[in-house]
Amino acid sequence: MIKMERELQIRNQYGIHARPAALIVGIASRCDGEVLVVKGKDDAVSAKSIMGLITLEASRGTILTFIIEDSVANAEQILDELEELLHVRKFDDQEL
Amino acid sequence: MPVYVRRIVRFLSDGKHKLRFFYLDILRGIYTMSENLNAISVDNLFFNGKDLLGLEIGAGSKGLDKQILEATINRPGLGLTGFYTNFAPKRVQLIGLAEYSYLGSLTESERLDSLRNLFLQHIPCLVFSRGHEVYPEVISLAEEFETPVFVVDMETKLFINKATIILENLMAPHKKVHGTMVEIHGIGVLIEGIPGVGKSEAALGLIKKGHALVSDDTTQLRRDSSGKIIAAPVNITRYHMEIRGLGIIHVPSVFGVSSIRGEKKLDFVATLRPQGEEDEHNRCGTMQFTKTLLGVDVKRVYIPVAPGRDVVNILETAALDFKLKTLGHDAVKELDERVIRLMSGGSLDGND
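So the protein sequences, as listed, match chains X and D.
If you're matching positions, the first sequence starts at 1 in my numbering and goes up one per residue.
If you're matching positions, the second sequence starts at 1001 in my numbering and goes up one per residue.
These are calculated hints, taken from the structure and not from any lab test.
Treat each hint with caution, since some may be false.
[Said to hold, decoys possible] Listed next, the in silico EDC-like pairs over lysine to aspartate or glutamate satisfying Cα-Cα at most 20 Å (straight line): (1) D:Lys1176 <-> X:Glu57; (2) X:Lys41 <-> D:Asp1065; (3) D:Lys1176 <-> X:Asp43; (4) X:Lys41 <-> D:Glu1337; (5) D:Lys1176 <-> X:Glu34; (6) D:Lys1176 <-> X:Glu76.
This one's a predicted model, so the numbers in the text were calculated from it and none came from an experiment.
Make the full structure from the sequences, and use the hints.
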């Protein structure tokens, strides 16, 4: 089973708290397959779970790896949207 | 997974080499083997044991990244006399009253030699119990060998007991899983299933019926030394739940403290899945399923979810049935025996 992976960095001020988690879930839920997120050596959590994402304790600067199985039709599109959310929109956070 | 391993995996996955799956398997094997070494750093023990054990660092803080490879405490005893055959250097080393008195009976140069030999064994760290003052030689050796030295006020035996429990918990194999853990009539149930199948809603229903939540959606499992699996919430999201349509709720604030539990032994896994063909194969419940978690086979039941099916009620009954089976009462088997008895000319109450 080959998996598509993308490493993305958290660039907003407070990292993944409740609202950013909900934004990730919003995108991941549209994926036809499972979306996993890994931080460092920790166990993977589901990107479709707000609770799971919060337990990553991902603060600003953290690198997360998003993993989707290759066979999933819209894998590429979901990863692109996640990249835009984390790198370009930065969770729509207001910079202080 | 370290970055370099991931790069090799990506390089192999992208390539067209004939043997790429073979190499990938080997790589995965090596990686899992190295991961299974459940070592913890001295820093980790210090961080987690600071309050419970009253550990205070005396010297050698540069060596806090040293690894403890065995979850137990060793008293060097004989080692201090120079006898190091079958010595256990992978463990936390403890200088209790006996070792301390022995070291005190030596001359300064003998003591330095004895302690230097101990540090030469590549020990992870050294602890002085009963608040004993650390010998100045120890401080210089700790800095030289970059090995942390701690002092605790506790009595030796008390420290051994408490520290062993902490080490075992820290070093136990653990895993974060996607699932909601509840306690139903004293039975620990992990509810799992694809996102949106209704895990949290089922847990909510159970809480309303007086059962307790351990953790919602993401559960931390660990295997204790007796091989039991213990489920606990992940600290940061402890006792919070996410319910579609409501958002995040804090369970004990809404339902009271009796609605939560700190941790719970896992008895069985309940997998919720949309009702389908496969559910027709096990109408009697004679088929037994298991799920392997942290190397332990845990009993598993599949619960089909469909409009009009009361999942909460089914989960509650599944837990009660599990309890009954552990008491040696198996409904399918007993019904079957009754039927067979009747067919072979006996009567229902068992008298021929």
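A quick look at each hint next to the structure:
no.	hint	result
1	D:Lys1176 <-> X:Glu57	14 Å, holds
2	X:Lys41 <-> D:Asp1065	16 Å, holds
3	D:Lys1176 <-> X:Asp43	6 Å, holds
4	X:Lys41 <-> D:Glu1337	52 Å, violated
5	D:Lys1176 <-> X:Glu34	16 Å, holds
6	D:Lys1176 <-> X:Glu76	26 Å, violated
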